[in-house]
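Each chain, letter by letter, is given below.
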Amino acid sequence: MLTHKYSPKSLKEIYGQNLALEKLKYNVQHKIPTILHGSTGTGKTSSVYALANELNFEVMELNASNFRNKDQIESIVGAASQQQSLFKKGKIILLDELDGISGTKDRGGLQALIKLLPKIRTSLVLVSNDIWDNKFSTLRKKFDLIEFNTPTHEIIFNFLKDISDKENIKYLEDDLKKLARSSNGDFRAALTDLQISLENNGLKVDLLSERNKTTEIFNSLKLIFKTLDPKIALSSLDNLKENLDEVALWLEENLPKEYHGQDLSKALDSLSKADVFKGRIIRQQYYRFMVYQIAFLTAGVALSKKEKNPGFVNYSRPSRILKMYIAKMRNSKKLAISKTLAEKTHTSTKRVMQNFGYYKRFLLNKDIISELELNEDEIKFLRS
Amino acid sequence: MDIIKQIQKEVWNLKIEDEKKLKIIEKCGEIEFRMVEGSDEYLQLQSLLASFL
Numbered sequence: 001m002l003t004h005k006y007s008p009k010s011l012k013e014i015y016g017q018n019l020a021l022e023k024l025k026y027n028v029q030h031k032i033p034t035i036l037h038g039s040t041g042t043g044k045t046s047s048v049y050a051l052a053n054e055l056n057f058e059v060m061e062l063n064a065s066n067f068r069n070k071d072q073i074e075s076i077v078g079a080a081s082q083q084q085s086l087f088k089k090g091k092i093i094l095l096d097e098l099d100g101i102s103g104t105k106d107r108g109g110l111q112a113l114i115k116l117l118p119k120i121r122t123s124l125v126l127v128s129n130d131i132w133d134n135k136f137s138t139l140r141k142k143f144d145l146i147e148f149n150t151p152t153h154e155i156i157f158n159f160l161k162d163i164s165d166k167e168n169i170k171y172l173e174d175d176l177k178k179l180a181r182s183s184n185g186d187f188r189a190a191l192t193d194l195q196i197s198l199e200n201n202g203l204k205v206d207l208l209s210e211r212n213k214t215t216e217i218f219n220s221l222k223l224i225f226k227t228l229d230p231k232i233a234l235s236s237l238d239n240l241k242e243n244l245d246e247v248a249l250w251l252e253e254n255l256p257k258e259y260h261g262q263d264l265s266k267a268l269d270s271l272s273k274a275d276v277f278k279g280r281i282i283r284q285q286y287y288r289f290m291v292y293q294i295a296f297l298t299a300g301v302a303l304s305k306k307e308k309n310p311g312f313v314n315y316s317r318p319s320r321i322l323k324m325y326i327a328k329m330r331n332s333k334k335l336a337i338s339k340t341l342a343e344k345t346h347t348s349t350k351r352v353m354q355n356f357g358y359y360k361r362f363l364l365n366k367d368i369i370s371e372l373e374l375n376e377d378e379i380k381f382l383r384s
Numbered sequence: 001m002d003i004i005k006q007i008q009k010e011v012w013n014l015k016i017e018d019e020k021k022l023k024i025i026e027k028c029g030e031i032e033f034r035m036v037e038g039s040d041e042y043l044q045l046q047s048l049l050a051s052f053l
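Each protein sequence line maps, in turn, to chains A and B.
One point on numbering: in the working numbering, the residue at position 279 of the first sequence is 279, and numbering is uninterrupted.
One point on numbering: in the working numbering, the residue at position 44 of the second sequence is 44, and numbering is uninterrupted.
Keep in mind that the hints were calculated from the coordinates and are not lab data.
These numbers were taken from a predicted model, which means no experiment stands behind them.
Incorrect hints may appear among the rest.
Under the rule of at most 20 angstroms between Cα atoms (straight-line distance), these lysine to any residue pairs were calculated in the SDA-like manner [claimed, not checked]:
1. A:K344 to A:S370
2. B:K15 to B:E26
3. A:K266 to B:E26
4. A:K278 to B:I24
5. B:K27 to A:V276
6. A:K88 to A:R121
7. A:K231 to B:I4
8. A:K231 to B:Q6
9. B:K20 to A:D263
10. A:K31 to A:K115
11. A:K344 to A:Y359
12. B:K20 to A:D229
13. A:K161 to A:S10
14. A:K257 to A:R320
15. B:K15 to A:S235
16. A:K305 to B:E26
17. B:K20 to A:L228
18. A:K231 to B:I7
19. A:K12 to A:T152
20. A:K231 to B:Q8
Restraint ranges, calculated between C-beta atoms of paired labels, are given here [stated by the list, open to error]:
21. B:L49 to A:S348: 50 to 58 angstroms
22. A:K141 to B:K15: 57 to 65 angstroms
23. A:K115 to B:E37: 48 to 56 angstroms
24. B:K15 to A:E13: 28 to 36 angstroms
25. B:S39 to A:L116: 48 to 56 angstroms
26. A:K25 to B:S51: 50 to 58 angstroms
Residues of chain A clear of chain B, computed beta-carbon distances all greater than 12 angstroms [what the hints assert, rightly or not]:
27. A80
28. S164
29. N375
30. K380
Quick reminder that beta carbons are idealized off the backbone N, C-alpha and C, glycines included.
Can you build the whole structure from these sequences, using the hints too?
The structure is reproduced here in structure tokens:
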């Protein structure tokens with residue numbers, strides 16, 4: 001995977017953020033708490049790691065996969081900020097994906113962080129996409145803000161060109177320009193696009209049309225659908241926030257758009273095998289099966305096709321959950337009526353549900369309505 | 001159990017058809033499932049190895 005191979009090792013390898021980087025270096029060395037902000041794929045997290053590498057610092061990362069509630073912030077950040085690094089010169093505490101911190105799971109996390117601030121003795125760096133969100137208002141006052149600019153097309157173009165040279169990829173400058181433009185200033189997206197348009201060391205850029213800022217799951221889907229190399233497919237989910245069930249839903253929704261005929265049936269078979277292992281994980285509580293679940297979700301689906309579908313496909317959000325929700329809402333009125341009826345008639349709710357069509361015929365009788373104390377909505381439902 | 005772990009890690013580096021790799025992974029998963037269910041590890045491993053032939 002190019003995105004792994006070319007994650008920057010030193011600050012020099014980060015493109016187009018000179019000012020921000022200088023400031024970041026200064027802040028880290030002087031232990032000034034800092035927030036990096038800017039749109040996705042501009043190199044915020046990468047630059048922290050690159051800087052740590054350069055200064056021989058250790059990075060302690062808390063990202064969205066950890067819960068970051070009050071207790072955890074206190075125990076992890078609190079403790080870590082007091083201790084010296086064991087093997088390296090210093091330590092950076094990195095809170096990545098700050099935007100995901102709110103909500104019920106992380107309650108009190110931000111306040112705990114602000115309280116801890118005076119006590120912290122290591123460098124603290126926060127990373128966020130949208131720092132102007134209301135929930136960060138106090139944070140903004142306490143931290144030094146460094147903005148990462150969205151890089152221009154030329155910068156991305158140079159970046160892609162350097163990598164192509166290093167990888168011995170034959171390319172036309174126009175193609176790289178096209179890639180750079182469609183990435184919308186997102187290094188990661190640009191690199192992913194480069195990866196999937198590779199073909200026998202040559203570049204074939206026809207499958208990409210303009211992209212609007214994609215969420216990461218789009219990138220993963222694209223990798224899975226457009227590659228024939230199982231290793232690339234396997235690593236496609238590495239940096240993903242979504243859980244596997246969600247990935248499965250996305251894949252299921254978008255499979256028919258990419259695959260046809262035999263390929264489609266094979267891919268669906270692979271999805272169902274992944275689901276079998278998911279069931280086994282839950283039943284046995286044996287999480288090593290996840291390896292297989294991932295293998296079938298990614299490599300299985302990727303290898304189901306004989307050749308890449310060259311066209312651009314606009315992936316859509318899975319609709320099944322919504323459909324299930326709607327069906328459930330529709331059913332809920334029926335269930336409510338059945339429950340009251342079951343109580344009055346001394347039968348089970350299940351039986352009333354089964355014979356609902358029969359009961360429905362005389363339920364609209366006035367006496368029965370008043371006897372069951374049905375409300376307006378329920379009456380309307382019966383009439384329809 | 002450790003052997004299976006190793007196998008399914010290394011499979012992707014083999015120089016065989018990708019489809020066959022997938023078949024091997026599938027078989028590994030099946031065998032590991034049976035082991036977790038409590039069947040004889042030795043016997044199951046034999047069956048796994050035999051399936052590679």
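Structure-based check of all given hints:
| no. | hint | in the structure |
| --- | --- | --- |
| 1 | A:K344 to A:S370 | holds (12 angstroms) |
| 2 | B:K15 to B:E26 | holds (18 angstroms) |
| 3 | A:K266 to B:E26 | holds (14 angstroms) |
| 4 | A:K278 to B:I24 | holds (19 angstroms) |
| 5 | B:K27 to A:V276 | holds (13 angstroms) |
| 6 | A:K88 to A:R121 | holds (15 angstroms) |
| 7 | A:K231 to B:I4 | holds (19 angstroms) |
| 8 | A:K231 to B:Q6 | holds (16 angstroms) |
| 9 | B:K20 to A:D263 | holds (16 angstroms) |
| 10 | A:K31 to A:K115 | holds (17 angstroms) |
| 11 | A:K344 to A:Y359 | holds (13 angstroms) |
| 12 | B:K20 to A:D229 | holds (13 angstroms) |
| 13 | A:K161 to A:S10 | holds (19 angstroms) |
| 14 | A:K257 to A:R320 | holds (16 angstroms) |
| 15 | B:K15 to A:S235 | holds (19 angstroms) |
| 16 | A:K305 to B:E26 | holds (18 angstroms) |
| 17 | B:K20 to A:L228 | holds (14 angstroms) |
| 18 | A:K231 to B:I7 | holds (15 angstroms) |
| 19 | A:K12 to A:T152 | holds (18 angstroms) |
| 20 | A:K231 to B:Q8 | holds (13 angstroms) |
| 21 | B:L49 to A:S348: 50 to 58 angstroms | holds (53 angstroms) |
| 22 | A:K141 to B:K15: 57 to 65 angstroms | holds (59 angstroms) |
| 23 | A:K115 to B:E37: 48 to 56 angstroms | holds (50 angstroms) |
| 24 | B:K15 to A:E13: 28 to 36 angstroms | holds (33 angstroms) |
| 25 | B:S39 to A:L116: 48 to 56 angstroms | holds (52 angstroms) |
| 26 | A:K25 to B:S51: 50 to 58 angstroms | holds (56 angstroms) |
| 27 | A80 | holds (32 angstroms) |
| 28 | S164 | holds (26 angstroms) |
| 29 | N375 | holds (50 angstroms) |
| 30 | K380 | holds (50 angstroms) |
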